[in-house]
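*Asks:* The chain contents come next:
Protein chains: 2
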Amino acid sequence: MKKNISMKDIAQRLGVSTALVSYVLNGQLKDRINKDTAQKIKSLAEELGYRPNHVAKSLKINKTLTIGLILADISNPFSASLARIIEDEAKRHEYTVIFGSADESADKSEDLIRTLMSRRVDGFILAAPEGSEELLSALKKQDIPFVLIDRYFPELQVNTVTINNFQASAEATNHLLEQGFSEIGMLNLKADLLHLAERSRGYKAALIQAGQKDEGKNLKEVDEKNMIEEVHQAINELLNQPEPIQAIFFGNNNLAIEGLIHIRSLNIRIPEDLAIVCFDESNAYNLFYCPVTYIRQPLAKLGQAAVKLLIESIGNQERSTNNITLEAELIIQKSSQKYI
Amino acid sequence: MKKNISMKDIAQRLGVSTALVSYVLNGQLKDRINKDTAQKIKSLAEELGYRPNHVAKSLKINKTLTIGLILADISNPFSASLARIIEDEAKRHEYTVIFGSADESADKSEDLIRTLMSRRVDGFILAAPEGSEELLSALKKQDIPFVLIDRYFPELQVNTVTINNFQASAEATNHLLEQGFSEIGMLNLKADLLHLAERSRGYKAALIQAGQKDEGKNLKEVDEKNMIEEVHQAINELLNQPEPIQAIFFGNNNLAIEGLIHIRSLNIRIPEDLAIVCFDESNAYNLFYCPVTYIRQPLAKLGQAAVKLLIESIGNQERSTNNITLEAELIIQKSSQKYI
DNA sequence: AAGTTTAGTTTAAACGGTTAAACAATTAAT
DNA sequence: ATTAATTGTTTAACCGTTTAAACTAAACTT
Numbered sequence: 269m270k271k272n273i274s275m276k277d278i279a280q281r282l283g284v285s286t287a288l289v290s291y292v293l294n295g296q297l298k299d300r301i302n303k304d305t306a307q308k309i310k311s312l313a314e315e316l317g318y319r320p321n322h323v324a325k326s327l328k329i330n331k332t333l334t335i336g337l338i339l340a341d342i343s344n345p346f347s348a349s350l351a352r353i354i355e356d357e358a359k360r361h362e363y364t365v366i367f368g369s370a371d372e373s374a375d376k377s378e379d380l381i382r383t384l385m386s387r388r389v390d391g392f393i394l395a396a397p398e399g400s401e402e403l404l405s406a407l408k409k410q411d412i413p414f415v416l417i418d419r420y421f422p423e424l425q426v427n428t429v430t431i432n433n434f435q436a437s438a439e440a441t442n443h444l445l446e447q448g449f450s451e452i453g454m455l456n457l458k459a460d461l462l463h464l465a466e467r468s469r470g471y472k473a474a475l476i477q478a479g480q481k482d483e484g485k486n487l488k489e490v491d492e493k494n495m496i497e498e499v500h501q502a503i504n505e506l507l508n509q510p511e512p513i514q515a516i517f518f519g520n521n522n523l524a525i526e527g528l529i530h531i532r533s534l535n536i537r538i539p540e541d542l543a544i545v546c547f548d549e550s551n552a553y554n555l556f557y558c559p560v561t562y563i564r565q566p567l568a569k570l571g572q573a574a575v576k577l578l579i580e581s582i583g584n585q586e587r588s589t590n591n592i593t594l595e596a597e598l599i600i601q602k603s604s605q606k607y608i
Numbered sequence: 269m270k271k272n273i274s275m276k277d278i279a280q281r282l283g284v285s286t287a288l289v290s291y292v293l294n295g296q297l298k299d300r301i302n303k304d305t306a307q308k309i310k311s312l313a314e315e316l317g318y319r320p321n322h323v324a325k326s327l328k329i330n331k332t333l334t335i336g337l338i339l340a341d342i343s344n345p346f347s348a349s350l351a352r353i354i355e356d357e358a359k360r361h362e363y364t365v366i367f368g369s370a371d372e373s374a375d376k377s378e379d380l381i382r383t384l385m386s387r388r389v390d391g392f393i394l395a396a397p398e399g400s401e402e403l404l405s406a407l408k409k410q411d412i413p414f415v416l417i418d419r420y421f422p423e424l425q426v427n428t429v430t431i432n433n434f435q436a437s438a439e440a441t442n443h444l445l446e447q448g449f450s451e452i453g454m455l456n457l458k459a460d461l462l463h464l465a466e467r468s469r470g471y472k473a474a475l476i477q478a479g480q481k482d483e484g485k486n487l488k489e490v491d492e493k494n495m496i497e498e499v500h501q502a503i504n505e506l507l508n509q510p511e512p513i514q515a516i517f518f519g520n521n522n523l524a525i526e527g528l529i530h531i532r533s534l535n536i537r538i539p540e541d542l543a544i545v546c547f548d549e550s551n552a553y554n555l556f557y558c559p560v561t562y563i564r565q566p567l568a569k570l571g572q573a574a575v576k577l578l579i580e581s582i583g584n585q586e587r588s589t590n591n592i593t594l595e596a597e598l599i600i601q602k603s604s605q606k607y608i
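Residue numbers (the numbering used here), protein chains in the order written: chain A, 269 to 608; chain B, 269 to 608.
Please note that a few of the clues may not be correct.
Stated by the list, open to error - With a cut-off of at most 27 Å between alpha-carbon atoms, the simulated DSS-like pairs for lysine-lysine come out as follows:
(1) 310/A / 376/B
(2) 408/B / 271/A
(3) 270/B / 328/A
(4) 409/B / 328/A
(5) 325/A / 276/B
(6) 493/A / 325/B
(7) 276/B / 308/A
(8) 270/B / 276/A
(9) 331/A / 325/B
(10) 325/A / 331/B
(11) 481/B / 325/A
(12) 576/A / 271/B
(13) 409/B / 271/A
(14) 409/A / 576/B
(15) 271/A / 576/B
(16) 331/A / 276/B
(17) 276/A / 331/B
(18) 271/B / 409/A
(19) 276/A / 359/B
(20) 408/B / 409/A
(21) 328/A / 408/A
(22) 409/B / 458/B
No lab work stands behind these hints: they were computed from the structure.
Based on the provided sequences and hints, a complete structural model is requested.
*Replies:* Shown next as structure tokens:
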């Protein structure tokens, strides 16, 4: 490995001090420095292929211009899209991103946070898993800037950027009701995460508002660990009960895809026999035999807002907290329109 | 922001030198250090919540234990899966990953490499875009350790981990031939990237071996920029020509999905009217009306091999290069079997 | 008793930058 | 001519570690 060339090397060759090299290469003290000297320094830096050592700079200025991004799993398309948006937005602010996948585990989150704190990231963007409340409190107590994205915990007063899951679900359910479907089922994940609970709550609220009682009877919550079987079973139950459902609302991406696979195998006509709405989008929907109505989360805004908020938070001493809620959009396709 | 506590803080409180603190916390000089003192240091470190400053350490030891990962686009499932595998494998070796999306642009790649070099990553894993040969030569000349993944350039003697695209394509084509399909079309991307060219070459080689002449007549290369229209048009042409194709082989994921969407809209029976094989897997295939035969790339092995090779390369002075080729696997489903 | 080991710890320089303060040499002001 | 301001540059400390080398005091040797 060739030696990296440093300011010292440049300084020595030109017989000046490293301070001067630093001032010149950083464009500081412009009005004081001799133009010839400045030019010489710049030329030599260029010629030698000088690359500033960001590590040394970070140590000195106590900032790394790095964001720690902790998501559930970077290989999941939702996380990956968000990561890309955050990467781009961070770059616009001269920040770099280090990422980690926590697999919805509080322990792994803690591990990752420790590692990234050692590496002195300036702040975190976190999709916090269930059970990470204490961890987040601890972070807050240590005055580490961070922003929760997608997930949140109402008892914690911290920065968040989330979408209005309640409203989106209610809107989707209302849409189905307006289309004339009254028996509407919902599949959701069984989890304590509030953003998921909000989806169920929005669904139920819409049913109640439409005058339905027993609004939970067609809501099935499945266990992530046993997702495939439970989705199939839940759909079978909802379709074969005394009052079968006329429409189904999937609480997320993965449930939707598994559900659609099963529905296809049942040879059900969409939307004649069953209407469908899904939370989240997926290019997989395009291969389904009927264009699928879905809720589109404003991922770009979500990611951009998180970066913006984090960077503000890094810049400010006073740790005020900010909660941003974004609205999702219902993309209506054939799968939810009986009378098209 | 609370002050981070350092070795100095611990040393001062206990009236010892920072050197001693360093030795104790790093478990060095174990046989020399007084056990009581060691215990005191460890306890105080724990009590104060000491976190080593990796930035300072990196500066001193001239290693960051960080890998720069540059892929086409982290939001693309192929990249994202690879990123996850590399993340995990890197973590097993105590490495952290900084990633960047280069969007198949040599300029962006260069930018990213510069940034990450400033941050003194120990090495790179790169999915190098078209036209980055010079850049890679320059990297090599500077003795920066790196490994190319997925893509490669035969004229460059550098570390690579790739799959055997030629063999995989030939195998897929042979499979179709064995099933009794003789008129086989292929859709591939129009690009100079060798790994794509190899896919076309494998396809043609299989046809030639089967005694076909004019082996390129059913090969359509589409432009990425105008992908959707060109895929539709290409399929139409292949199906409506004097000797229509009986089977089609998609050169990658995105082509396959777009192709399948179009094929569905044409109400073609699979595999009776048209057999299908795709390069790459996708959970989207599951929503198609016929289980799709596809080539599965050994992503886990690919990522793991890349990390392993990179870390070896970082450790060695002598810059020997290593080229690892992995075989893909053909997953045969109904879409390519006429006589099931 | 003098010399040699051993144990336990400290000293000090280094990594590659940043930056407030000091300095010397001009030039301008009074 | 003296003082003050300006210009151009250097000095030196610091960021938080690591680590070779030095040091001291006690414990063995012979």
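*Asks:* Evaluate each hint against the coordinates.
*Replies:* Hint check:
About 24 Å separates the Cα atoms of residue 310/A and residue 376/B, which keeps this hinted pair within 27 Å; it holds. With a C-alpha separation of about 14 Å, the suggested pairing of residue 408/B with residue 271/A holds against the 27 Å cut-off. For the given pair, residue 270/B sits about 17 Å from residue 328/A by alpha-carbon distance, which is consistent with the 27 Å threshold. Restraint check for residue 409/B and residue 328/A: the C-alpha separation of about 30 Å exceeds 27 Å, so the hint is violated.
For the proposed pair residue 325/A and residue 276/B, the alpha carbon gap of about 20 Å is at most 27 Å, so the pair holds. A C-alpha spacing of about 41 Å is found between residue 493/A and residue 325/B, which places the hinted pair above 27 Å, so the restraint is violated. Taken as a hint, the residue 276/B and residue 308/A pair is broken in the structure, with Cα atoms around 40 Å apart against an allowance of 27 Å. This hinted pair does not check out: residue 270/B and residue 276/A have alpha carbons roughly 33 Å apart, beyond 27 Å.
Restraint check for residue 331/A and residue 325/B: the C-alpha separation of about 15 Å stays at or below 27 Å, so the hint holds. The hinted pair formed by residue 325/A and residue 331/B meets the criterion: a straight-line CA distance of about 15 Å does not exceed 27 Å. This hinted pair does not check out: residue 481/B and residue 325/A have alpha carbons roughly 63 Å apart, beyond 27 Å. A distance of roughly 24 Å separates the Cα atoms of residue 576/A and residue 271/B; the hinted pair therefore holds under the 27 Å criterion.
Annotation: proposed proximity of residue 409/B to residue 271/A holds, straight-line Cα distance about 12 Å (limit 27 Å). At roughly 39 Å between alpha-carbon atoms, residue 409/A and residue 576/B are farther apart than 27 Å, so this suggested pair is violated. The hinted pair formed by residue 271/A and residue 576/B meets the criterion: a straight-line CA distance of about 24 Å does not exceed 27 Å. Between residue 331/A and residue 276/B the CA atoms are separated by roughly 19 Å; this keeps the pair inside 27 Å, and the hint holds.
Our distance criterion of 27 Å between C-alpha atoms is met by residue 276/A and residue 331/B, whose separation comes to about 20 Å. Distance check on the hinted pair: residue 271/B and residue 409/A sit about 12 Å apart at the alpha-carbon level, within 27 Å; holds. A hinted pair counts as satisfied when its Cα atoms are at most 27 Å apart, and residue 276/A with residue 359/B does not qualify at roughly 34 Å. Our distance criterion of 27 Å between C-alpha atoms is broken by residue 408/B and residue 409/A, whose separation comes to about 46 Å.
Only pairs whose Cα atoms come within 27 Å are accepted, and residue 328/A paired with residue 408/A is accepted, the gap being roughly 24 Å. Taking the CA atoms of residue 409/B and residue 458/B, the gap is about 31 Å. The hint is violated against a cut of 27 Å.
The structure fails to meet hints 4, 6, 7, 8, 11, 14, 19, 20 and 22 from the earlier list, while all remaining hints are met.
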